[in-house]
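Following the hints, position chain B against chain A.
These protein sequence lines map, in sequence, to chains A and B. Heads up: the first sequence begins at 1 in our numbering, then just goes up one per residue. Heads up: the second sequence begins at 1001 in our numbering, then just goes up one per residue.
FYI, nobody ran anything at the bench for these hints, they're computed from the structure. Because the structure is a prediction, the values reported are computed rather than measured. Built from N, CA and C at the ideal position, the CB exists for glycine as well. Treat the hints with care, since some could be wrong.
Among the chain B residues that face chain A by a calculated CB cut under 7 Å, a handful are [stated by the list, open to error]:
#1 P1038
#2 P1042
#3 V1046
#4 T1048
#5 L1072
#6 L1083
#7 A1084
#8 S1089
#9 F1092
#10 I1096
#11 V1104
#12 I1135
#13 Y1143
#14 P1147
#15 L1153
30 Å max Cα-Cα, derived DSSO-like pairs, lysine-lysine [stated by the list, open to error]:
#16 B/K1137 - A/K409
#17 B/K1040 - A/K402
#18 A/K409 - A/K426
Which stretches of chain A does chain B cover? Using the computed rule of at least three CB atoms under 8 Å from a CB of chain B, they are [unchecked claim]:
#19 243-256
#20 295-304
#21 314-320
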Amino acid sequence: MRGHMKLGIKQLTAGYINGQFSPKAVTEQALKDAKNLKTLNAFACLAPEQALQQAEDSTERYAQQKPIGGLDGITIAIKDNFCTSNLPTTCASRMLKDFVPPYDATVADRLRAAGAILLGKTNMDQFAMGAGTVDSIYGPTKNIWSEDLSQDNWRIAGGSSGGSASAVAAGLCYAAIGSDTGGSTRNPASYCGVIGLKPTYGLCSRHGLIPLVNSMDVPGIVTRSISDSVEILNAVAGPDHLDSTTIQKSFKRLQLPEVDQIDLRSLRIGIPKEYHCEGLTAEVLETWTKVADLLECAGAHVQQVSLPNTASSIFVYSILNQCEVASNMARYDGIEYGHRSEDERSTEQLYAQSRAEGFNQVVKTRILTGNFLLLRKNYEHYFEKALRVRRLIADDFAKVFKPSATEHKVDILLTPTTLSDAPLYKDFASLSNRDQCAVQDFCTQPANMAGIPAVSLPVRLSKAGLPLSLQLMSNHLNEQLLLTVARWIEAQVEFDCLESLEKHVARD
Amino acid sequence: MLQISARFYCKIAKQQISELPKISKPSKLLDFKQLHHPTKVPQTPVPTAFPDATNNSEIEIDAKTIQLLERLSLVDLDSEQALATLKSSIQFADKIEHIDTHNVRPLYTVLEHQQLQLRNDRVAEGDCREQLLRIAKVTDEDYYVSPPGNIPLEQLDK
Chain A
1 MRGHMKLGIK
11 QLTAGYINGQ
21 FSPKAVTEQA
31 LKDAKNLKTL
41 NAFACLAPEQ
51 ALQQAEDSTE
61 RYAQQKPIGG
71 LDGITIAIKD
81 NFCTSNLPTT
91 CASRMLKDFV
101 PPYDATVADR
111 LRAAGAILLG
121 KTNMDQFAMG
131 AGTVDSIYGP
141 TKNIWSEDLS
151 QDNWRIAGGS
161 SGGSASAVAA
171 GLCYAAIGSD
181 TGGSTRNPAS
191 YCGVIGLKPT
201 YGLCSRHGLI
211 PLVNSMDVPG
221 IVTRSISDSV
231 EILNAVAGPD
241 HLDSTTIQKS
251 FKRLQLPEVD
261 QIDLRSLRIG
271 IPKEYHCEGL
281 TAEVLETWTK
291 VADLLECAGA
301 HVQQVSLPNT
311 ASSIFVYSIL
321 NQCEVASNMA
331 RYDGIEYGHR
341 SEDERSTEQL
351 YAQSRAEGFN
361 QVVKTRILTG
371 NFLLLRKNYE
381 HYFEKALRVR
391 RLIADDFAKV
401 FKPSATEHKV
411 DILLTPTTLS
421 DAPLYKDFAS
431 LSNRDQCAVQ
441 DFCTQPANMA
451 GIPAVSLPVR
461 LSKAGLPLSL
471 QLMSNHLNEQ
481 LLLTVARWIE
491 AQVEFDCLES
501 LEKHVARD
Chain B
1001 MLQISARFYC
1011 KIAKQQISEL
1021 PKISKPSKLL
1031 DFKQLHHPTK
1041 VPQTPVPTAF
1051 PDATNNSEIE
1061 IDAKTIQLLE
1071 RLSLVDLDSE
1081 QALATLKSSI
1091 QFADKIEHID
1101 THNVRPLYTV
1111 LEHQQLQLRN
1121 DRVAEGDCRE
1131 QLLRIAKVTD
1141 EDYYVSPPGN
1151 IPLEQLDK
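Isolated chain A (complex conformation):
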């Protein structure tokens, strides 16, 4: 058992109960750490006053022996595209720079109700359009595993929820909420060596999550361990009358078996062959191969499967993303909220000028492209066509998860998360936003197409000393099994999520 995992969420709250630790001391330390590690740029904004107040209330509750929930006194962070009342919610964009929402996202609300202490809002790509957390008005977020954090020789955190992954990897908080539309939680989790969970579409409410692609967006969960991920999921999942796209079935809290109780012998693991695409690095391939072998050694049935429409997925994703973006971004006109230009010549002039000033080039081009793809003459050719191919992609998954006359179903799919370890900023920044996303989202966005749950977990370090991660996927609402298998792998590979910090401490 790894030492630091002794301090998972459950252990920490147990420490609160028996008086070993106090939420106040932990929060003070966390805020201090966040300041000391400011160079990572993980936070868009910190909320020290609110956090300390919450910590005091929590400390008081423990003193009265009346904690309000399983997360009482646990420090968390939330991506800056979830609405938080009394705290700016900017989407890392000038458009929402001064926006303080009058309400809480359901996810934020439920975490607060469970007693979690919100340290602040985390950095991201503008409106979550990116795979690197490099396109933010606050500047890029750095990866704590970088060999060198100075100058331009550092590694990207991944994105778009790079701030959330970076904050958790650096030990600044126990968990962070990200969002995942095409891999935005799993990708940075992969690069930063932490757990990134994308739940089934509709399991967690999107109310208050500023929409990117409504039909694919889900709140994501970043933690250092699978069991912490379960704690957070249990607090936020379940139907929400404020989001009509939540699954109405009541949510049964997950409870994972202890590692030594996990029996893999009846389990069928699928290796979708198409996930070995051009550009997959030898180290990731070796990691994938080894973990498949480990599972087989434990008695699981491992077989190769085919998801033939995988390669088309990234193109479909790109089309649907831009179309939904064009529609979603139409709400920003400067009148009701958000950036308002000085140009008062006419209503449309004001709209156009506010948008010109508020959006970055990536957002603008996606809006223009989306509107092109949605033009009456193009609608059928691009948008409807993409939705048809989307069904083929989703059906590929449905087929492998369903037993047929000729083939057994599989329970879990094992794939890479990202094709490599975290790229250097200078290499990544030289690519266009589209190429950044097309390469980095290859293995992650199919799960969003189909709405199925997926989790990225770190396995080992690359030669460059950076985390290498793998992804597990399963059928709709099969989080229990997905995370049980993830937990088993986690225990076998014994990845040390906080080693990076030791590295930097040792050097300084």
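Structure of chain B alone, referenced to chain A:
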């Protein structure tokens, strides 16, 4: 040299409990080269069967279409680079053109088997005028304020 005073929760723990197990390296280091079964993971990239419609011919977008897009988007296509990105994004979208989708219905939502829940037609929330108006930049009494709406967008001829 960058100074990072990295501290994390383990340190609090170290200060407060002496019995914390040492952060140790994995007890059994996995050998990633060693396999016990013939692997099921393909060791070379798998070529895809999908009919790539790559068409390298330059995409032409006429000035009228660009004006229309700018008008619909209320965003300017303000540089050569933006135009190039637009064109290459369209080429990217063209890749799926030859995939056979005959008799395949569009998948609008992955929740298509769930009925959308309708709420009762009863006021459940409201009375938040003040909160909402507070976040607007310009208001007058209980109104949002906008400049004249009967003047069309000025567009430069390109």
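Taking the hints in turn, this is what the structure says about them:
no., hint, verdict
1, P1038, "violated, 9 Å"
2, P1042, "holds, 5 Å"
3, V1046, "holds, 5 Å"
4, T1048, "holds, 4 Å"
5, L1072, "holds, 5 Å"
6, L1083, "violated, 9 Å"
7, A1084, "violated, 9 Å"
8, S1089, "holds, 4 Å"
9, F1092, "holds, 6 Å"
10, I1096, "holds, 5 Å"
11, V1104, "holds, 4 Å"
12, I1135, "holds, 5 Å"
13, Y1143, "violated, 11 Å"
14, P1147, "holds, 4 Å"
15, L1153, "holds, 4 Å"
16, B/K1137 - A/K409, "violated, 56 Å"
17, B/K1040 - A/K402, "holds, 20 Å"
18, A/K409 - A/K426, "violated, 44 Å"
19, 243-256, "holds (count 4)"
20, 295-304, "holds (count 5)"
21, 314-320, "holds (count 4)"
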